[in-house]
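Top to bottom, those sequences are chains B and Y. For the first sequence, our numbering begins at 2 and goes up steadily by one. For the second sequence, our numbering begins at 48 and goes up steadily by one.
Heads up, a few of these hints could be off.
Quick list of in silico lysine-lysine cross-link-like pairs, DSS-like style, CA-CA up to 27 Å [as the list claims (entries may be wrong)]: (1) B:K169 / Y:K136; (2) Y:K113 / B:K23; (3) B:K78 / Y:K136; (4) B:K58 / B:K169; (5) B:K194 / Y:K157; (6) B:K85 / Y:K157; (7) Y:K165 / B:K169.
Simulated coverage check for chain Y against chain B, where a stretch passes if three residues somewhere in it have a Cβ under 8 Å from a Cβ of chain B [stated by the list, open to error]: (8) 48-57; (9) 73-84.
Here are some, though not all, of the chain Y residues that point toward chain B, as calculated from beta-carbon distances under 7 Å [claimed, not checked]: (10) I87; (11) A135; (12) L138.
Don't read these hints as lab results, they were simulated from the structure. Values in this document were obtained by computation on a predicted structure and should not be read as measured data. Cβ coordinates follow ideal geometry from the N, Cα and C atoms, glycine included.
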Amino acid sequence: MITLYSILITVSVYLFVQFLAKKYSSPLTSPVFLSTIIIIALLVVSNISFDEYKPAKTIMTYLLGPATVALAVPIYKNRKLFTKYFSAAFIGLSIGIVTTITSAIVLAKLLKLSNMFILALTVKSVTVPVATEIGRFIDGNLSLIAAFVIITGMIGAMFGAKLLSLFKIHHPFARGLAIGTIAHGIGTAEAVKEGEVQGAVAGAAMGIAAVLTSIIIPYIIELI
Amino acid sequence: MMKSVWKFSIQMLFLIVVYQVGNWTARFFHLQIPGNVIGIVLLFVLLWLGVIKLEQIELASGWLLKHLGFFFIPISVGLMTLGDIFVAKGLPFLFVLIISAFIGLLFAGKVTQTVIMKNAKEKVNFHDHAI
């Protein structure tokens, strides 16, 4: 019964926020961000704990895997772009990953955050399923990692497009690459809406960034 | 109507199978790469080799991608369990996460765009010399 109720509120809040986002487009109406906040509020008001919400979560996220696989379609459609911009993509991706991880570590050190937080910060830009895998590997706090990953995704989805435009990054390939590299799936979901090229590149960048990060993480951890 | 529901379900089933094959491959070969990424590669190769035609999966894949964001919402709701940590350390966390995300976005985007422009320019210059 709780599960059915949880699914019902999740789906209706999502549909409502989508409708709202079409009417008033703003970072605050970014679907993942606003829906999450409203749903958490509704659960708290209805006195439902996250443990009770979990069965509903399992059912609703069942299609996340196939949905990620479906990213192959826009990648295939835009395959010529990837060969054309191969070197640009590789350089941009590597620099994006290294700068975001290093700046996070440096800032965390300046703020005197403990090592547990710094460790979790290193995987913040990696898509959820991979981040938890790497998290196990580096012995990190998994729920903290999931939180950092999700919040990073939301930041990218909410402000990414505006920030890139502000700094005159208009090339659809570069925009998709930046969003996918930093804001993984949650950012990609926004990039898909901006355009097919952006969505395709973001999806591919998300996958490559995940692989690259898992390769360089052991070396970065030595430096912490 | 019935026909498109049927078509949609078959396509969805196919995507689920590709995803599961990706998972099995990752586990079987003990790969560091996650199953969903392998699934992307697998579907891409199938399309590329022409084993699968775009029209044969576009209905389900289009629908899934349109609602990609939805699938992250139930996961994000898990943030409610971390209330205590975020009350204590929320501001420094947000500060670090926002600034580092912005730095990464700008570097990734700017560098990619600059290299693309530079390569395009070189090609044009080369062309000019040839003339």
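Structure-based check of each hint:
Restraint check: the Cα-Cα separation between B:K169 and Y:K136 comes to about 34 Å, which exceeds 27 Å; the hinted pair is violated. A hinted pair counts as satisfied when its Cα atoms are at most 27 Å apart, and Y:K113 with B:K23 qualifies at roughly 14 Å. The straight-line distance between the Cα atoms of B:K78 and Y:K136 is roughly 44 Å, outside the 27 Å bound, and the hint therefore fails. Taken as a hint, the B:K58 and B:K169 pair is broken in the structure, with Cα atoms around 39 Å apart against an allowance of 27 Å.
For the suggested pair B:K194 and Y:K157, the alpha carbons sit about 21 Å apart, so the restraint of at most 27 Å is met. The straight-line distance between the Cα atoms of B:K85 and Y:K157 is roughly 18 Å, inside the 27 Å bound, and the hint therefore holds. Pair hint Y:K165 plus B:K169 holds up; C-alpha atoms about 16 Å apart against a cutoff of 27 Å. Coverage of a stretch by a chain is defined here by at least three residues with a beta carbon nearer than 8 Å to that chain's beta carbons; for the segment 48-57 of chain Y and chain B the count is 0, and the condition is violated.
Counting residues of the segment 73-84 of chain Y whose CB lies closer than 8 Å to any CB of chain B gives 6, so the stated coverage by that chain holds, three being the minimum. Checking Y:I87 against chain B by beta carbon gives a least distance of about 5 Å; that is within 7 Å, so the hint holds. A least Cβ separation of about 11 Å between Y:A135 and chain B goes past the 7 Å threshold, and the interface hint is therefore violated. The closest approach between the C-beta of Y:L138 and any C-beta of chain B is roughly 9 Å, which is over the 7 Å cut-off, so the hint fails.
Checked against the numbered hints listed earlier, the structure breaks hints 1, 3, 4, 8, 11, 12; every other hint is satisfied.
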